[in-house]
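Engineer: From first to last, the protein sequence lines stand for chains P and A. Just so you know, we're using numbering that gives the first Met the number 0 here: the first sequence kicks off at 0 and counts up by one. Just so you know, we're using numbering that gives the first Met the number 0 here: the second sequence kicks off at 0 and counts up by one.
Think of the hints as simulated: they come from the structure by calculation, not from any bench. Possibly wrong hints are sitting among the right ones.
[Said to hold, decoys possible] Derived Cβ-Cβ restraints for the label pairs, each shown as a range:
no. : chain 1 : residue 1 : chain 2 : residue 2 : range
1   : A       : G184      : P       : R239      : 23 to 31 Å
2   : P       : D124      : A       : Q286      : 57 to 65 Å
3   : A       : R152      : P       : R239      : 27 to 35 Å
4   : P       : K184      : A       : R232      : 45 to 53 Å
5   : P       : L53       : A       : T216      : 41 to 49 Å
6   : P       : L53       : A       : K264      : 44 to 52 Å
7   : A       : G219      : P       : R239      : 30 to 38 Å
8   : A       : K118      : P       : K29       : 49 to 57 Å
We treat Cβ as the ideally placed atom computed from N, Cα and C, and that holds for glycine.
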Amino acid sequence: MPDAVIDTLNLTKMFGTFTAVDTLTLSLEKGEIFGFLGANGAGKTTVIKMLTGLLAPTSGSASVAGFDVFKATESIKQNIGYMSQRFSLYEDLTPRENIRFWGGIYGLEKTIIKEKGLDLLNALDLLDVADTRLSSLPLGWKQKLAFSVALLHEPKIIFLDEPTGGVDPVTRRRFWDMIYEKADKGLTVFVTTHYMDEAEYCDRISIMVEGRMAALGTPAALKSEFGAKSIDDLFIRLARR
Amino acid sequence: MTSKTAVRVTGLTKHFGSVEALREINLAIHEGELFGFIGADGAGKTTLFRILCALLLPDKGNAEVLGFDTVTAFREIRKRIGYMPGRFSLYQDLSVEENLRFFATVFGTTIKANYELIKDIYSQLEPFRNRMAGKLSGGMKQKLALSCALVHRPELLLLDEPTTGVDAVSRREFWQMLGKLQKKGITILVSTPYMDEAALCDRIAFLQNGATLGIDTPKGIVSLFTRPLYAVRSLQKHILINTLRQYEHAASVYAFGSCVHYTDKRPSLDQGELQAYLTSCGLNGVQIEHIEPSIEDTFIALLEEKGGLKNA
Chain P
0 MPDAVIDTLN LTKMFGTFTA VDTLTLSLEK GEIFGFLGAN GAGKTTVIKM LTGLLAPTSG
60 SASVAGFDVF KATESIKQNI GYMSQRFSLY EDLTPRENIR FWGGIYGLEK TIIKEKGLDL
120 LNALDLLDVA DTRLSSLPLG WKQKLAFSVA LLHEPKIIFL DEPTGGVDPV TRRRFWDMIY
180 EKADKGLTVF VTTHYMDEAE YCDRISIMVE GRMAALGTPA ALKSEFGAKS IDDLFIRLAR
240 R
Chain A
0 MTSKTAVRVT GLTKHFGSVE ALREINLAIH EGELFGFIGA DGAGKTTLFR ILCALLLPDK
60 GNAEVLGFDT VTAFREIRKR IGYMPGRFSL YQDLSVEENL RFFATVFGTT IKANYELIKD
120 IYSQLEPFRN RMAGKLSGGM KQKLALSCAL VHRPELLLLD EPTTGVDAVS RREFWQMLGK
180 LQKKGITILV STPYMDEAAL CDRIAFLQNG ATLGIDTPKG IVSLFTRPLY AVRSLQKHIL
240 INTLRQYEHA ASVYAFGSCV HYTDKRPSLD QGELQAYLTS CGLNGVQIEH IEPSIEDTFI
300 ALLEEKGGLK NA
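Let's have the full structure, built from the sequences with the hints guiding it.
Structural biologist: Here it is, written out as structure tokens:
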């Protein structure tokens, strides 16, 4: 695919004799929301590490945001966003300080950080708590801030690793509103989740089983292909084999 | 009520500084019941469990567990309950078998004496009995923690978010294990952020910002949802959500898996009119269907109604 934001061909990772990821071939286009599902231990984290330039693949090829995962890992890191529940913002810094810190890490100029930071705090309705330590803010607020901070440097793609864990069902849906909004503007979203209903919100999903892609397609197409009534149903069937 | 009460909580309140972690909680859990606490992080689930385990003192109100007061008779309670905290709390540098033996010994018993109770769960770990607990996979850690909480044959089991971060297959297996333990007469209190697990409990309590939003059977909870509910489908899901929100009669619009759940401000909805509106906005293949509400629909409605969203 010429305009693919992620393009992999037979991407493989071995740990000793163990094949953690086995010939993964995948192509994501601009503005696509891609749900990356799999049981614990199926190889999801290994794939994400390779695609974010943190782990060298054993064989195959892949490019992310136009950069090669073997040769240009630094360029990949500068051109992607990443957010997970475990690794995101500093709890003992305020929203404003977190923005300044991450803006600096991404190499943005001070004036730009200040300007963008203000816009961001405004858009998220966080101006009142801009100088309050993060640790005392509700999880839902932290999650939307983490998402926006990961986009400060305007990457083409964002990796979201279980972004919505632990919040109530309304906050979880508000988070997806943000995802949809950015995807409509052309951001590619690569998301993992244990909530199977969220898989249905994606344009396409894949289900990994023991290092291989056991299913790939739109949620509707996969359900009809496997005769499953929900993605949950399909997941259980594939992952339990 | 003919069955005996295993847990009784009256006016329970707990503050941490200026934060009100629990506010006037009242509930009674029967012996042999599988009771679920459903709520997000920060709702108060862990604080409530820690008070029931006699690990934390309430500010106001009281709690009785198996007939004993959690403040004055904590020793009696600790012998009779099994607690699995949300964070993995076994000894990472002890082996699987050493952990289990340690917990058995602390409670003055042996693995052998209660082997029959944990057999189903522990037998899956026995091939790895010499592995360090820190080196186990997530699913296996969870099974070991449950075995350790059970090894002294407790009358009551408190499981704090045992399935958070666990994949859908392991979650299902875990709930099958809970069903078996309940059949052996153990009262089980379990907390979870997953709405689909709520349906597997005998009764559930919704918790938000330290208060209960409803306590009932899954069926009873769903009956709190009073408005007619519709599932609306279209392939352009995001546009569908935004278009429905802009509809002047819309009361609530929420994505639910492959469709959008919709309620109308008016007492009854003319489906043809809504269909025409959506089609005029450029949506194709619109389907509208009257559906029964789920537990999650009800939780969302209660959150909206009771203003539990101030922190969202």
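Engineer: Against each hint, give a clear statement of whether it holds in the structure.
Structural biologist: Here is how each hint holds up against the structure:
Between G184 (chain A) and R239 (chain P), the C-beta spacing of about 30 Å keeps the proposed range 23 to 31 Å intact. A beta carbon spacing of about 35 Å between D124 (chain P) and Q286 (chain A) contradicts the range 57 to 65 Å that was offered as a hint. A hinted range of 27 to 35 Å holds for the C-beta pair R152 (chain A) and R239 (chain P), which are about 31 Å apart. The given range of 45 to 53 Å is broken by K184 (chain P) and R232 (chain A), whose C-beta atoms sit roughly 25 Å from each other.
For the hinted restraint 41 to 49 Å between L53 (chain P) and T216 (chain A), the CB-CB distance of approximately 47 Å keeps it satisfied. Separated by about 50 Å at the C-beta atoms, L53 (chain P) and K264 (chain A) satisfy the suggested range of 44 to 52 Å. Between G219 (chain A) and R239 (chain P) the beta carbons are some 32 Å apart, a value that agrees with the proposed interval 30 to 38 Å. At about 54 Å, the CB distance of K118 (chain A) to K29 (chain P) agrees with the hint of 49 to 57 Å.
Against the hints set out earlier in the document, violations occur for numbers 2 and 4.
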